[in-house]
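Chains as they are written, first to last, in the working numbering: chain A, 1 to 372; chain B, 1001 to 1372.
Because the hints were derived from the structure by calculation, they are not lab data. Keep in mind that a hint or two might mislead.
Not the full set, but computed from the structure, chain B residues with beta-carbon under 8 angstroms of chain A [as the list claims (entries may be wrong)]:
| no. | residue |
| --- | --- |
| 1 | K1212 |
| 2 | K1228 |
| 3 | F1247 |
Taking lysine to any residue pairs in the SDA-like style, the calculated list, with each CA pair at most 25 angstroms apart, reads [unchecked claim]:
| no. | chain 1 | residue 1 | chain 2 | residue 2 |
| --- | --- | --- | --- | --- |
| 4 | A | K234 | B | S1320 |
| 5 | A | K22 | A | D104 |
| 6 | B | K1238 | A | C20 |
| 7 | A | K297 | B | L1239 |
| 8 | B | K1297 | A | Q232 |
A quick note: this is a predicted structure, and the numbers were derived from the prediction, not measured. We treat Cβ as the ideally placed atom computed from N, Cα and C, and that holds for glycine.
2 protein chains.
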Amino acid sequence: MNNTNNIKKIIVDKPLKLDCGKIINNFPIAYETYGSLNDKKDNAILIFHALTGDQFVSGINPITKKDGWWSYAVGPNKAIDTNKYFIICANVIGGCMGSYGPSDIDPKSNKILGTNFPVITINDMVNAQYNLLDFFKIKKLFCVTGGSMGGMQVLQFVANFPDKAKIAIPIACTASHSAQNIAFNELGRQSIMADTNWSNGNYSNEKSNPDKGLSVARMAAHITYLSKNGLQEKFGRKLQERDDLKFSFDADFQIESYLRYQGSVFVDRFDANSYLYITRAMDYFDLIKQYGGNLSKAFTNTKTKFFIISFTSDWLYPTSENKDIVIALNAIGANVGFVEIESDKGHDSFLLNVPKFLETMKNYINASYIKD
Amino acid sequence: MNNTNNIKKIIVDKPLKLDCGKIINNFPIAYETYGSLNDKKDNAILIFHALTGDQFVSGINPITKKDGWWSYAVGPNKAIDTNKYFIICANVIGGCMGSYGPSDIDPKSNKILGTNFPVITINDMVNAQYNLLDFFKIKKLFCVTGGSMGGMQVLQFVANFPDKAKIAIPIACTASHSAQNIAFNELGRQSIMADTNWSNGNYSNEKSNPDKGLSVARMAAHITYLSKNGLQEKFGRKLQERDDLKFSFDADFQIESYLRYQGSVFVDRFDANSYLYITRAMDYFDLIKQYGGNLSKAFTNTKTKFFIISFTSDWLYPTSENKDIVIALNAIGANVGFVEIESDKGHDSFLLNVPKFLETMKNYINASYIKD
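I would like the entire structure built from these sequences, with the hints used as guidance.
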């Protein structure tokens, strides 16, 4: 898997009790930063990444050698301006980019942890990352933000630490994973587990990875990230480097070729067990249930200012689910803004060059920073 | 696979030229009938089945011992009334319920055909089934109908044989498979092919079937058959026979258990290669392209009366795609009715007990039969 020896890490030496009951200690959190923390330490933005993201939000990812996953949004003069703000992003626990995860070596057996890694939650992820505030001696973050699973972490962070962020921008997310969300994640997990190379999670010891299963899981996910109309406009029934159908099972259509490609490149950078653990954490996420069926109660103690962003063509975390968060915040008179951005790019909109989205976020962040 | 020795078959002894260019001859078409053909032979309804259907539309399927796939719609006094009409349904070529398909034995090698079976199309399926009209000496069918891929066959049948059906009822279908449709089918195919037991399609020789891959393919398909809201209402976040989350990868949620079950029962009745071939035929379906980009031209020579039915929550073949067929028919002044049925059961609505749908279809069929 990824060689993470040369990336930044803190070792958390405070015990963390996980939701499953297990206590972990002396575990690594891998992180990256962009920009500079000012003297007042009031310009820090903590970004939470999505399912297959990592700490490398901008610039060139030193492991994959590709652009950081949020390069459209984060950089000099961009929506999240690295000239103005100090950006921190950590790899979630359960991940495979240096933070404590299932591909770590179990010191007892000298084998990878695999499925001996504990099942973690969004709450566990957020509590683990909170240690970065101590590390950087930041009393209060200016902003917490993230899309998709990153947005779930934003919600959980404010619920857990009501006085630790001035503003919060959850994007294209939900307060409670729906049955369809769980279904698609379960499909991905079953696909990985169906691969005989998965070997009950012990594959790295046997030098063979469940690449085929992980690739199919990624293909399934990719379909959900795009809208039906977006797919039709981008691919339609266009053929892949051929004049006519070949009457075979090759990739006749561009959409087939696209999906196969997305699957094949994913397995080079992502660990199959991490995929299992992180999707599980997403499925377990239910902030409404955590607060006794009343989402408003998650936020009664906070003065954090919220700005919720959804996208018209996102059918994975549709506007209606984002609005439920707005409604819960309104019910307690919280300071909350909301915008639904017109886009045909589906759930992926938050990762892509959607000018209206980027401009809206930029304006909100900059205006909020000035007002004190 | 299914033992189809004791089911009804005709052997087609007229050569059929397939779209791929290959000519087949002396091939079996397995079929079932319900009700009686009257003396005038004017009461025959040909039903086309969907991707995983077969000829056993009603009563108990003699192979699976379960209810026929369209038991809600077909039977005495039902929407398609077996007391009044003579119902014929054939297994499509490429299928695994007795018609010529990839699990047939190749007489040359004495092995299953596997991927030596030719890639077939909806057009090939319809042309093959047309032979049943000769067999039953039916000059003109009263009705052709079917949902999903069955609806595509309805459209193709009328285009190919413009004077062979009095009425046509395509349900929840499309005239051209969309990029998202292709994407989900490709996901299923890749899932099957990723299973090492698939063995390039030669699995039956090796006595091991790609059950895991086929099961994942079925899970993916099932998600697309249900609506997001329908899933949420039926399953939501309900737990499967437990009081709380187990912090494991077992099926904690009912939706997970449901999908696993659907996958596991499917592999007992369906052949993985058939799944590849039939999904391929669906993806190749583009009646618009067949008629030079103008769908109306497919129907200019027909006097067949059309009734198009779609469902509000069907996101696989949404109302908009069904309406495109209506628009094409209207453009040539064809006799066409259209109804969008309110239902939260998604694409599966046409298979389920949706009273408004069943009543509407019943009324239309009976009224059309009386008017001559």
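Hints, one by one, checked against the model:
no. : hint                : result
1   : K1212               : holds (4 angstroms)
2   : K1228               : holds (5 angstroms)
3   : F1247               : holds (4 angstroms)
4   : A:K234 with B:S1320 : holds (18 angstroms)
5   : A:K22 with A:D104   : holds (17 angstroms)
6   : B:K1238 with A:C20  : holds (19 angstroms)
7   : A:K297 with B:L1239 : holds (23 angstroms)
8   : B:K1297 with A:Q232 : holds (23 angstroms)
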